[in-house]
Amino acid sequence: MVAYLNILLYGVGGIVFTGMALLVAFQERLVYVPVVPGLTKSYPITPARLRLTYEDVWLRSSDGVRLHAWFIKLFPDCRGPTILFFQENAGNIAHRLEMVRIMLQKLQCNVFMLSYRGYGASDGSPSQHGITKDAQAALDHLCQRNDIDTSRIVVFGRSLGGAVGALLTRNNPDKVAGIILENTFTSILDMAGVLLPFLKWVIGGSGAKGVKILNFVVRSPWNTIDVIGEVQRPILFLSGLQDEMVPPSHMQMLYAKAAAHNKECIFVDFPSGMHMDTWLAGGDHYWATIQQFLEKYAPWNDEPDSSSVTSHDSEGR
1 MVAYLNILLY GVGGIVFTGM ALLVAFQERL VYVPVVPGLT KSYPITPARL RLTYEDVWLR
61 SSDGVRLHAW FIKLFPDCRG PTILFFQENA GNIAHRLEMV RIMLQKLQCN VFMLSYRGYG
121 ASDGSPSQHG ITKDAQAALD HLCQRNDIDT SRIVVFGRSL GGAVGALLTR NNPDKVAGII
181 LENTFTSILD MAGVLLPFLK WVIGGSGAKG VKILNFVVRS PWNTIDVIGE VQRPILFLSG
241 LQDEMVPPSH MQMLYAKAAA HNKECIFVDF PSGMHMDTWL AGGDHYWATI QQFLEKYAPW
301 NDEPDSSSVT SHDSEGR
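Going by the working numbering, the residue at position 199 of the sequence shown is 199; the numbering climbs one at a time, nothing skipped.
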């Protein structure tokens with residue numbers, strides 16, 4: 001009996017050790033996937049393919065990494081809201097162009113699409129510390145432009161992008177009119193237990209059970225559940241209830257944490273929405289929900305702006 005228990009303990013210990021080793025070795029590949037298997041890192045298409053008016057923008061993050069972005073306008077002098085879009089973890093901004101094309105039509109807005117470091121044409125390697133700097137560089141660039149209404153900048157983050165956007169909005173309440181989160185996780189610490197269930201007893205967020213003794217090995221924790229309670233701007237939560245990657249309960253927990261401190265929180269779910277297709281499954285209701293949010297928190301400014309100029313290629317310093 002003793003020998004059997006020893007074998008069992010060694011077996012369980014071996015599984016946990018193996019899981020920890022895999023997490024340490026491959027965690028960045030799970031969190032950040034700049035290249036989808038079977039595809040290349042380069043952009044398969046550009047906005048021009050979809051006949052979108054756009055500008056190639058080159059930025060420098062505060063640590064010197066060169067970043068690429070697309071600034072897409074509905075038309076050259078459009079002064080509607082500008083959406084700063086942060087994508088999911090897999091692929092690059094070109095893979096979101098069809099959704100963005102419809103976004104421009106439905107919302108009458110501009111969209112700024114940032115390639116995180118290591119993604120698309122951007123230099124560097126992705127990390128939480130680095131991407132946080134990248135997001136700040138993108139927002140600073142928008143705030144310095146004189147061809148948009150800088151009082152109507154709205155952050156939109158899906159999945160990983162929601163974690164990026166929440167942190168950026170918390171740090172810049174005076175520069176962001178509102179934030180939209182779609183199918184975002186509470187933290188990578190909690191997602192570790194979703195991907196590898198036996199790890200939930202040793203890795204987890206602030207509300208998780210267990211001793212969480214291995215949290216220190218997670219290099220990109222993205223603790224959105226802790227950040228969201230400190231966001232001082234209006235928040236729209238969009239949740240696909242058929243999300244097969246991030247449990248929908250994560251969005252519900254984020255909303256509950258935010259709403260406890262912020263009265264300007266709206267939660268809308270879409271019964272047939274999955275992780276990547278909620279914008280499709282939600283149909284007109286999806287876009288109408290966002291439009292109402294923009295009309296309330298980023299309303300049109302009727303005063304003309306004589307400083308409007310034609311956009312051009314630029315590189316931030």
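Possibly wrong hints are sitting among the right ones.
Stated by the list, open to error - Simulated crosslink set (EDC-like; lysine to aspartate or glutamate; CA at most 20 Å straight-line):
(1) 296 with 149
(2) 263 with 174
(3) 175 with 295
(4) 106 with 277
(5) 175 with 123
(6) 41 with 98
(7) 106 with 295
(8) 133 with 149
(9) 175 with 230
(10) 106 with 63
(11) 263 with 284
(12) 263 with 230
(13) 41 with 123
(14) 175 with 264
(15) 296 with 264
(16) 296 with 277
(17) 106 with 56
(18) 296 with 174
(19) 133 with 98
(20) 41 with 56
(21) 133 with 63
(22) 41 with 77
(23) 106 with 284
Stated by the list, open to error - Restraint-style ranges between C-beta atoms, simulated for each label pair:
(24) 38 with 249: 20 to 26 Å
(25) 48 with 261: 27 to 33 Å
(26) 300 with 53: 27 to 33 Å
Because the hints were derived from the structure by calculation, they are not lab data. Backbone N, C-alpha and C fix where the C-beta goes; we use that ideal spot for every residue, glycine too.
Hints, one by one, checked against the model:
Simply put, residue 296 and residue 149 have alpha-carbon atoms about 16 Å apart, close enough for the 20 Å limit, and the pair holds. Taking the CA atoms of residue 263 and residue 174, the gap is about 18 Å. The hint holds against a cut of 20 Å. Taking the CA atoms of residue 175 and residue 295, the gap is near 18 Å; set against the 20 Å cutoff, the hint holds. About 17 Å separates the Cα atoms of residue 106 and residue 277, which keeps this hinted pair within 20 Å; it holds.
Proposed proximity of residue 175 and residue 123 is contradicted: the alpha carbons are some 26 Å apart, above 20 Å. Proposed proximity of residue 41 and residue 98 is supported: the alpha carbons are some 18 Å apart, at most 20 Å. With a C-alpha separation of about 13 Å, the suggested pair residue 106 and residue 295 falls inside the 20 Å cut-off, and the hint holds. Between residue 133 and residue 149, the direct Cα distance comes to roughly 23 Å. Violation of the 20 Å bound is thereby established for this hinted pair.
Taken as a hint, the residue 175 and residue 230 pair is honoured in the structure, with Cα atoms around 15 Å apart against an allowance of 20 Å. Under the criterion of a C-alpha separation no larger than 20 Å, the hint pairing residue 106 with residue 63 is inconsistent with the structure, at around 37 Å. The hinted pair formed by residue 263 and residue 284 fails the criterion: a straight-line CA distance of about 26 Å is larger than 20 Å. The suggested pairing of residue 263 with residue 230 holds, with an alpha-carbon distance near 12 Å, which does not exceed 20 Å.
At most 20 Å may separate the alpha-carbon atoms for a hinted pair to count; residue 41 and residue 123 meet this at roughly 12 Å. Restraint check for residue 175 and residue 264: satisfied, since their Cα atoms lie roughly 17 Å apart, inside the 20 Å limit. Distance hint between residue 296 and residue 264 is fulfilled; the C-alpha atoms sit about 11 Å from each other, no more than 20 Å. With a C-alpha separation of about 25 Å, the suggested pairing of residue 296 with residue 277 is violated against the 20 Å cut-off.
Taken as a hint, the residue 106 and residue 56 pair is broken in the structure, with Cα atoms around 23 Å apart against an allowance of 20 Å. Restraint check for residue 296 and residue 174: satisfied, since their Cα atoms lie roughly 17 Å apart, inside the 20 Å limit. The suggested pairing of residue 133 with residue 98 is violated, with an alpha-carbon distance near 27 Å, which exceeds 20 Å. Proximity of residue 41 to residue 56 is assessed by CA-CA distance (about 17 Å); at most 20 Å being required, the pair is judged to hold.
For the hint pairing residue 133 with residue 63, the CA-to-CA distance comes to about 8 Å; that is within 20 Å, so the pair holds. For the hint linking residue 41 to residue 77, the alpha-carbon distance of about 32 Å lies beyond 20 Å, and the restraint is violated. Between the alpha carbons of residue 106 and residue 284 the distance comes to roughly 9 Å, so the proposed pair stays at or under 20 Å and holds. The given range of 20 to 26 Å is broken by residue 38 and residue 249, whose C-beta atoms sit roughly 32 Å from each other.
Taking 27 to 33 Å as the suggested C-beta distance range, the pair residue 48 and residue 261 does not conform, at roughly 44 Å. For residue 300 and residue 53, the Cβ-Cβ distance of about 20 Å falls outside the hinted range of 27 to 33 Å, so the restraint is violated.
The structure fails to meet hints 5, 8, 10, 11, 16, 17, 19, 22, 24, 25, 26 from the earlier list, while all remaining hints are met.
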